[in-house]
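If you read the protein sequences in the order shown, they are chains A and B.
Just so we're aligned, residue 1 is where the first sequence starts under our numbering, counting upward by one.
Just so we're aligned, residue 1 is where the second sequence starts under our numbering, counting upward by one.
Hints were generated in silico from the structure; no laboratory data involved.
Note that this is a predicted model, so its numbers are computed, not measured.
Watch out, some of these pointers could steer you wrong.
[Unchecked claim] Quick list of in silico lysine-lysine cross-link-like pairs, DSS-like style, CA-CA up to 27 Å:
1) Lys97/A with Lys104/B
2) Lys139/B with Lys155/B
3) Lys322/B with Lys353/B
4) Lys104/B with Lys82/B
5) Lys72/A with Lys97/A
6) Lys389/B with Lys322/B
7) Lys140/B with Lys52/B
8) Lys353/B with Lys389/B
9) Lys73/A with Lys104/B
10) Lys72/A with Lys104/B
11) Lys97/A with Lys266/B
12) Lys73/A with Lys36/A
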Amino acid sequence: MGRTIAWIDDDIAMMWPVTELLQDEGWDILRFESVKAVIDGIERIRIADVILLDMILPVGQDGDGMHEYGGKKVLQTLRDVYHVNTPVLVFSALPDKVIEDMTFGYQVERLAKPVLPSELYRAVMRISRNP
Amino acid sequence: MPSRTSHKPHEAVVNTFIQTTGYPITLYEIEDERVQQIFSPESRQSYETHCKLIQESFGGRRECEADEARRARMVIEQNWQKPAVTICYAGVYNVAVPVVVNDKVVACFSFGEFLPTDAANIAQAIENHEEAVTILKLKKGQSQELRCALLEHMKRRTEAEIEELMDIAKGFAALLTTLYEREQALESHHESLVHEIHTTLQPILAEAELLKLRMEKVALGDLGQQGQLLVQDIQRRCQVIVNSTRHASSVAYTMGDFLPRYQFRKVNIAQLLRESCDLYDQLAKRRFINLELEIQETSIEIEVSQNHFFVALNNLIHNAIKYSYQGNEEKYRYVLVSGYPVIEGHQSFYRIKTQNYGIGILPSERVDIFKDGYQGELTVRESRTGTGKGLAFVKRTIEDHQGRIYVSSRPIDGNISPDRTPHITTFIIDIPYTQRFSPAGEALRLF
Chain A
1 MGRTIAWIDD DIAMMWPVTE LLQDEGWDIL RFESVKAVID GIERIRIADV ILLDMILPVG
61 QDGDGMHEYG GKKVLQTLRD VYHVNTPVLV FSALPDKVIE DMTFGYQVER LAKPVLPSEL
121 YRAVMRISRN P
Chain B
1 MPSRTSHKPH EAVVNTFIQT TGYPITLYEI EDERVQQIFS PESRQSYETH CKLIQESFGG
61 RRECEADEAR RARMVIEQNW QKPAVTICYA GVYNVAVPVV VNDKVVACFS FGEFLPTDAA
121 NIAQAIENHE EAVTILKLKK GQSQELRCAL LEHMKRRTEA EIEELMDIAK GFAALLTTLY
181 EREQALESHH ESLVHEIHTT LQPILAEAEL LKLRMEKVAL GDLGQQGQLL VQDIQRRCQV
241 IVNSTRHASS VAYTMGDFLP RYQFRKVNIA QLLRESCDLY DQLAKRRFIN LELEIQETSI
301 EIEVSQNHFF VALNNLIHNA IKYSYQGNEE KYRYVLVSGY PVIEGHQSFY RIKTQNYGIG
361 ILPSERVDIF KDGYQGELTV RESRTGTGKG LAFVKRTIED HQGRIYVSSR PIDGNISPDR
421 TPHITTFIID IPYTQRFSPA GEALRLF
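Can you build the whole structure from these sequences, using the hints too?
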């Protein structure tokens, strides 16, 4: 199986150009645009080489599991509930201090949005289980 | 000491409480693991004799502040949800009132100096007093004087009276809760706005870099070079927007009375200057002004509250451009921003200077120009006034960073009437390299 990125973000369309360099190198990008999609696809996420996680995920309507979920909750769920230990790269436009608080206790890499394709490429290659 | 400039409304509440009740009051918060004390000078006048003796006569102010901070930390970290009576290290009782926002204690409110009337509490007070005598290394006479102040002159409160004190405090705690809630809502709102702006810029920046990388691989001659310059310009402009929104996102009302908290961290000061100049580069070009930046020692890092400091720099550079010469002589269409280290005695400073030719400031205004709302006389005559709040903010920010700011302004040609000729105006900021933001012990006095 080739190298894969599990990308958890509600607005992947806006971010898609950022992944072009990685795609050129043969990386597969698996998209998860809601918390429900994350839970349904947990086994694919588990075997991915890198997780990209947007810390601002929307609260949705009751019934689809998105209510009150945000990036922090997803991180907690991945690590503490499903014990997924894939390296995580956190994306956000939030201030550093806020991200530090939200990810406290979890080992993650951080990239501040907006991010250049070359920055994302270097970060993924640095933390990937399969660079 | 650095102050959190958002405390004007909190200060108003504290002062109202003191004026209304006559009780001294101290408000505490925890920020970045430091306990910060908000303390009005009016409070000291209301102290009981006992506390005045310790703090003013027996040199115990530091011990008192450290003890207050320790008790405040306990209230905040243990997330007390209700007011409670506490006792200080010297045997004085007071009421600690938590300020709770979203079920979390964000601050704590301590007031009142009294002795309860029951024997057990008085015994505890005496026990603490004895320990304080040792801690403060008091002589026999001093110890006796202090004991007398504690047992003979300290206000006595019954249980019912203590309950009344707590009820009064709850009302003021509710006011403070509203202030903190408003502040959090503002910060959250701005964070959301920044997120929206950065998300919108994301595909532009990404496509710009990808285009640049593609053009570098293909020999396109002059057209290719122009294309690369265009792409670089787009990238730079987007980055300026990103930087300015990133820095300014938590500075909600920078010139008003409600300002967010300081967050100090080490920052590369040369980088900050560059970003600030980038922000105003286009404005300068539109006004046909040559904006030049000269930086020495690009590696120096200084502990600053980046958001506030960035806005202060922006203000100075914007003013330098705004009040610039608008005549025909090109040599006066020039703004210089420079940064370099200076040493005075044993102290190292990083000096930031802005210099322009333009409207100028009269010698009589060199102090008033930093006052809130003051508008320079020469700018009024030229009908080019601002809000009058910018320089007041700059001065406050620089002084809170333990720095200093001063201005000089003189006519270029001294023979011509000083209010006509262009002035060369220089603002100088000196920021010390090594600032101490906390004394030994924990509490910081804010004003």
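Could you work out which of the previously given hints the structure breaks and list their numbers from low to high? none
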